[in-house]
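*Asks:* The lines below spell out each chain.
2 protein chains.
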Amino acid sequence: MARKVRLGIIGLGAQGSMYARFIADGLVPNMEVGAVADTDPAKQELAATLAPGASFFGGYEELLDSGTVDAVVTTVPHYLHPEIGIAALSRGIHALVEKPAGVYTKQVAELNAFAATKPELTFAIMFNQRNNPLYKRLKEIVDAGEIGSILRSNWIITNWWRPQGYYDQSEWRATWGGEGGGVLVNQAPHQLDLWQWICGVPEKVFSKVAYGFRRNIVVEDEVTAVVDYGNGATGVFVTATHDMVGTDRFEILGDAGKIVVENSKTATVTRLRKPERELSEGMDMGAVMKLFMGELDTDELYTTETIEFDSVWGAQHAGVLENFAANILDGTPLLAPGSEGIKGVRLANAIHLSSWLGKEVPLDFDEGEFLELLNGRIRAEGKFSERG
Amino acid sequence: MARKVRLGIIGLGAQGSMYARFIADGLVPNMEVGAVADTDPAKQELAATLAPGASFFGGYEELLDSGTVDAVVTTVPHYLHPEIGIAALSRGIHALVEKPAGVYTKQVAELNAFAATKPELTFAIMFNQRNNPLYKRLKEIVDAGEIGSILRSNWIITNWWRPQGYYDQSEWRATWGGEGGGVLVNQAPHQLDLWQWICGVPEKVFSKVAYGFRRNIVVEDEVTAVVDYGNGATGVFVTATHDMVGTDRFEILGDAGKIVVENSKTATVTRLRKPERELSEGMDMGAVMKLFMGELDTDELYTTETIEFDSVWGAQHAGVLENFAANILDGTPLLAPGSEGIKGVRLANAIHLSSWLGKEVPLDFDEGEFLELLNGRIRAEGKFSERG
Numbered sequence: 016m017a018r019k020v021r022l023g024i025i026g027l028g029a030q031g032s033m034y035a036r037f038i039a040d041g042l043v044p045n046m047e048v049g050a051v052a053d054t055d056p057a058k059q060e061l062a063a064t065l066a067p068g069a070s071f072f073g074g075y076e077e078l079l080d081s082g083t084v085d086a087v088v089t090t091v092p093h094y095l096h097p098e099i100g101i102a103a104l105s106r107g108i109h110a111l112v113e114k115p116a117g118v119y120t121k122q123v124a125e126l127n128a129f130a131a132t133k134p135e136l137t138f139a140i141m142f143n144q145r146n147n148p149l150y151k152r153l154k155e156i157v158d159a160g161e162i163g164s165i166l167r168s169n170w171i172i173t174n175w176w177r178p179q180g181y182y183d184q185s186e187w188r189a190t191w192g193g194e195g196g197g198v199l200v201n202q203a204p205h206q207l208d209l210w211q212w213i214c215g216v217p218e219k220v221f222s223k224v225a226y227g228f229r230r231n232i233v234v235e236d237e238v239t240a241v242v243d244y245g246n247g248a249t250g251v252f253v254t255a256t257h258d259m260v261g262t263d264r265f266e267i268l269g270d271a272g273k274i275v276v277e278n279s280k281t282a283t284v285t286r287l288r289k290p291e292r293e294l295s296e297g298m299d300m301g302a303v304m305k306l307f308m309g310e311l312d313t314d315e316l317y318t319t320e321t322i323e324f325d326s327v328w329g330a331q332h333a334g335v336l337e338n339f340a341a342n343i344l345d346g347t348p349l350l351a352p353g354s355e356g357i358k359g360v361r362l363a364n365a366i367h368l369s370s371w372l373g374k375e376v377p378l379d380f381d382e383g384e385f386l387e388l389l390n391g392r393i394r395a396e397g398k399f400s401e402r403g
Numbered sequence: 016m017a018r019k020v021r022l023g024i025i026g027l028g029a030q031g032s033m034y035a036r037f038i039a040d041g042l043v044p045n046m047e048v049g050a051v052a053d054t055d056p057a058k059q060e061l062a063a064t065l066a067p068g069a070s071f072f073g074g075y076e077e078l079l080d081s082g083t084v085d086a087v088v089t090t091v092p093h094y095l096h097p098e099i100g101i102a103a104l105s106r107g108i109h110a111l112v113e114k115p116a117g118v119y120t121k122q123v124a125e126l127n128a129f130a131a132t133k134p135e136l137t138f139a140i141m142f143n144q145r146n147n148p149l150y151k152r153l154k155e156i157v158d159a160g161e162i163g164s165i166l167r168s169n170w171i172i173t174n175w176w177r178p179q180g181y182y183d184q185s186e187w188r189a190t191w192g193g194e195g196g197g198v199l200v201n202q203a204p205h206q207l208d209l210w211q212w213i214c215g216v217p218e219k220v221f222s223k224v225a226y227g228f229r230r231n232i233v234v235e236d237e238v239t240a241v242v243d244y245g246n247g248a249t250g251v252f253v254t255a256t257h258d259m260v261g262t263d264r265f266e267i268l269g270d271a272g273k274i275v276v277e278n279s280k281t282a283t284v285t286r287l288r289k290p291e292r293e294l295s296e297g298m299d300m301g302a303v304m305k306l307f308m309g310e311l312d313t314d315e316l317y318t319t320e321t322i323e324f325d326s327v328w329g330a331q332h333a334g335v336l337e338n339f340a341a342n343i344l345d346g347t348p349l350l351a352p353g354s355e356g357i358k359g360v361r362l363a364n365a366i367h368l369s370s371w372l373g374k375e376v377p378l379d380f381d382e383g384e385f386l387e388l389l390n391g392r393i394r395a396e397g398k399f400s401e402r403g
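If you read the protein sequences in the order shown, they are chains A and B.
Take the first sequence: its position 359, counting from 1, is numbered 374 in the numbering used here, and each next residue is one higher.
Take the second sequence: its position 90, counting from 1, is numbered 105 in the numbering used here, and each next residue is one higher.
Some clues are possibly wrong.
One copy or any two copies: either way a pair holds, since identical chains are not told apart in the list.
As the list claims (entries may be wrong) - Below, computed lysine-lysine pairings styled on DSS-like, alpha-carbon distance capped at 27 Å:
#, residue 1, residue 2
1, Lys58, Lys305
2, Lys280, Lys305
3, Lys358, Lys133
4, Lys219, Lys121
5, Lys374, Lys219
6, Lys398, Lys305
7, Lys19, Lys398
8, Lys133, Lys280
9, Lys219, Lys154
10, Lys19, Lys133
11, Lys289, Lys154
These are calculated hints, taken from the structure and not from any lab test.
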């Protein structure tokens with residue numbers, strides 16, 4: 016029988032239970048559940064159903080010290096990911112942190128720095144969308160230079176509709192002290208990660224963020240951000256949780272092509288025959304008039320490819336779990352190294368900060384200032400203790 | 016025989032010739048060409064072909080003083096629209112100004128102020144897109160409140176591809192002193208007008224504008240603007256002239272519905288059965304899970320309508336000419352009153368100004384400061400005299 020990684024699931028909420036089910040259903044062949052931890056004792060029954068042979072603990076430290084697991088996944092509120100990640104790694108236990116890696120860069124940087132001292136351990140993050148075959152393929156196309164240098168990107172991702180009842184489910188949700196934000200830290204981290212993974216890390220951000228705009232919450236439910244990559248390239252990111260008929264449309268313009276992704280499902284890839292400026296320089300007004308009138312054979316100018324993959328429920332998440340275990344067992348390269356998590360957190364922090372300050376901010380903003388302003392919101396909320 | 020308005024065409028370039036042809040072809044039944052003016056004497060032959068009975072003048076003032084026309088259209092470089100508009104109105108001649116109404120708000124405000132002293136004369140602007148049946152219908156839908164209050168709009172209009180040869184056609188094109196800007200003053204004024212016509216006038220603008228980004232020009236060929244309507248609503252406008260496979264996608268989110276327009280041709284209009292917040296408040300988590308899994312009958316939540324009109328070449332422009340003449344002849348309400356032209360100019364100026372200052376600016380920016388910064392660019396260019 017092949018070796019299996021014994022996973023500890025820390026936090027048996029919606030996400031943790033889902034992973035336990037994937038493993039029980041055989042979707043992650045190189046993994047088994049060794050233990051479950053949850054602060055709610057009532058979860059023991061659920062744990063026994065989902066993972067019959069696994070131990071159950073009330074606290075994550077008991078789980079980490081029990082000797083029943085080789086690795087953990089942190090399906091707990093976002094603020095706890097760095098703390099639990101460090102606690103696991105410090106005991107020689109491999110760590111897969113849930114997204115986002117944390118709420119503020121300072122705490123994620125601490126996690127990364129600690130993980131860097133344990134190169135023998137596997138440190139990964141649940142960016143399941145990096146395991147979406149469509150985005151993997153688009154990343155390859157962009158990295159191979161098939162659409163040239165990126166000039167502009169635009170992602171409208173508003174199909175995160177959530178009713179008020181969703182926010183009222185638990186005390187920590189949609190709070191500054193418990194969750195650390197709204198759509199930027201809960202729903203959109205995947206897209207923030209994919210955006211910078213494919214299009215690069217911007218240098219500056221200007222944002223318009225609306226807090227409790229269409230929901231009775233204190234955190235953001237609507238975001239518009241404009242980024243500047245410092246080389247003339249720009250990007251726009253729009254997200255919201257109140258658009259019932261949401262949009263998911265991602266457009267990337269390069270100087271030798273273009274990609275338009277609809278619904279994270281279908282991509283139209285245009286590859287120019289030559290760089291756009293060469294086509295521009297080589298075309299006389301006669302050819303241009305023909306182009307405008309639709310009389311020019313565009314095949315001479317570019318090709319168009321449509322890419323679509325069937326998606327299978329759970330395959331992305333299960334694939335990340337399997338890849339994490341494979342890295343532990345035989346060094347298979349990670350789909351999403353844990354140290355990458357900070358990039359999306361930094362982008363989300365910069366978007367928040369720009370809206371708080373009412374001005375454009377650099378991506379290497381003052382982390383102390385961010386934390387101070389975040390703590391001001393936690394104090395005003397009066398439900399949770401300050402962070403830092 | 017019905018009365019006809021005798022039109023003076025000032026400037027027989029591409030646009031002026033096109034209008035002469037529309038009139039010759041009978042597309043504007045209540046209009047005839049009385050005279051043509053062009054500073055290029057060689058245009059006299061073209062004028063004789065397009066409008067055989069019309070007089071020809073080398074200067075617009077001669078045309079205005081000739082007694083051969085009741086009205087004029089100003090198909091001349093943008094800076095001249097206000098000056099010629101005022102000259103016509105001051106002689107009791109009706110004026111249809113081309114878009115944009117001018118290059119900077121100060122000169123357009125002078126035109127508007129003068130026109131206001133001549134209420135007996137017709138003062139209109141060639142916003143032919145306001146005569147596009149699709150946008151007319153969408154304006155009705157929004158004004159009737161069918162999608163509720165507007166929360167967000169997003170227009171990517173990058174199908175204005177122009178090669179270098181286009182910019183090299185004439186000395187004034189794509190200069191600060193001759194044209195006053197790039198895509199914002201030449202190609203995009205229609206969309207800037209439609210955007211504010213349908214979605215309202217914003218209070219603040221932040222922009223990223225790239226000058227000579229992908230073309231050998233000094234003016235802008237790439238624009239990203241974020242606007243703030245002051246009531247929580249926001250908008251994004253993106254335009255460029257270097258996207259060979261351009262996008263035209265306009266999305267308007269209201270609190271009771273949504274409109275998505277593709278290629279200025281097809282609109283998908285979603286009307287919610289109740290305002291979105293009511294739907295949000297009334298839905299329990301069971302219903303939400305069903306919605307996410309695609310098991311809910313969305314007919315109970317909203318209806319979807321697709322709107323599409325056949326477009327006929329020239330019909331929009333000819334319709335504006337006919338409407339202008341009809342207003343002169345019998346007081347038919349104007350599709351695009353001349354005084355409306357300033358709104359798009361103000362928006363374009365604010366977008367330029369924000370990029371020059373590197374910060375968000377109010378729509379009621381300092382007009383003197385704008386003109387000073389524009390003149391600075393005209394001086395640096397060294398080809399044209401300053402404005403003011």
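*Asks:* Measure nothing new, just compare the shortest in-copy and cross-copy C-alpha distances for lysine 219 and lysine 154 to 27 Å and report within, between, both or neither.
*Replies:* For lysine 219 and lysine 154, only the intra-copy Cα distance (22 Å) is at most 27 Å; the inter-copy one is 36 Å.
*Asks:* At most 27 Å between C-alpha atoms: does lysine 358 with lysine 133 qualify within a copy, between copies, both, or neither?
*Replies:* within (20 Å within a copy, 61 Å between copies)
*Asks:* 27 Å Cα cut-off: does lysine 398 pair with lysine 305 within a copy, between copies, both or neither?
*Replies:* neither (66 Å within a copy, 32 Å between copies)
*Asks:* Are the CA atoms of lysine 58 and lysine 305 at most 27 Å apart within a copy, between copies, both, or neither?
*Replies:* between (69 Å within a copy, 25 Å between copies)
*Asks:* One pair to classify: lysine 19 and lysine 398, alpha carbons no more than 27 Å apart. Within, between, both, or neither?
*Replies:* For lysine 19 and lysine 398, the Cα distance exceeds 27 Å both inside one copy (42 Å) and across copies (75 Å).
*Asks:* Under a CA distance limit of 27 Å, which applies to lysine 280 and lysine 305: within one copy, between copies, both, or neither?
*Replies:* For lysine 280 and lysine 305, the Cα distance is within 27 Å only across copies (21 Å; inside one copy 34 Å).
*Asks:* Cα distance capped at 27 Å. Does lysine 219 pair with lysine 121 within a copy, between copies, both, or neither?
*Replies:* This pair counts as within: shortest intra-copy Cα distance 19 Å, inter-copy 33 Å.
*Asks:* For the identical chains here, do lysine 289 and lysine 154 meet the 27 Å Cα criterion within one copy, between copies, both, or neither?
*Replies:* within (21 Å within a copy, 41 Å between copies)
*Asks:* Quick one: lysine 133 to lysine 280, C-alpha cut-off 27 Å, is that within a copy, between copies, both, or neither?
*Replies:* For lysine 133 and lysine 280, neither the intra-copy (38 Å) nor the inter-copy (58 Å) Cα distance is at most 27 Å.
*Asks:* Taking 27 Å as the upper bound on the Cα-Cα distance, should lysine 19 and lysine 133 be classified as within, between, both, or neither?
*Replies:* Within one copy only: 21 Å inside a chain, 87 Å across chains, cut-off 27 Å.
*Asks:* When no copy is named, should lysine 374 and lysine 219 be tagged within, between, both, or neither for a Cα gap of at most 27 Å?
*Replies:* both (10 Å within a copy, 12 Å between copies)
In this structure, the hints that do not hold are numbers 6, 7, 8, in rising order.
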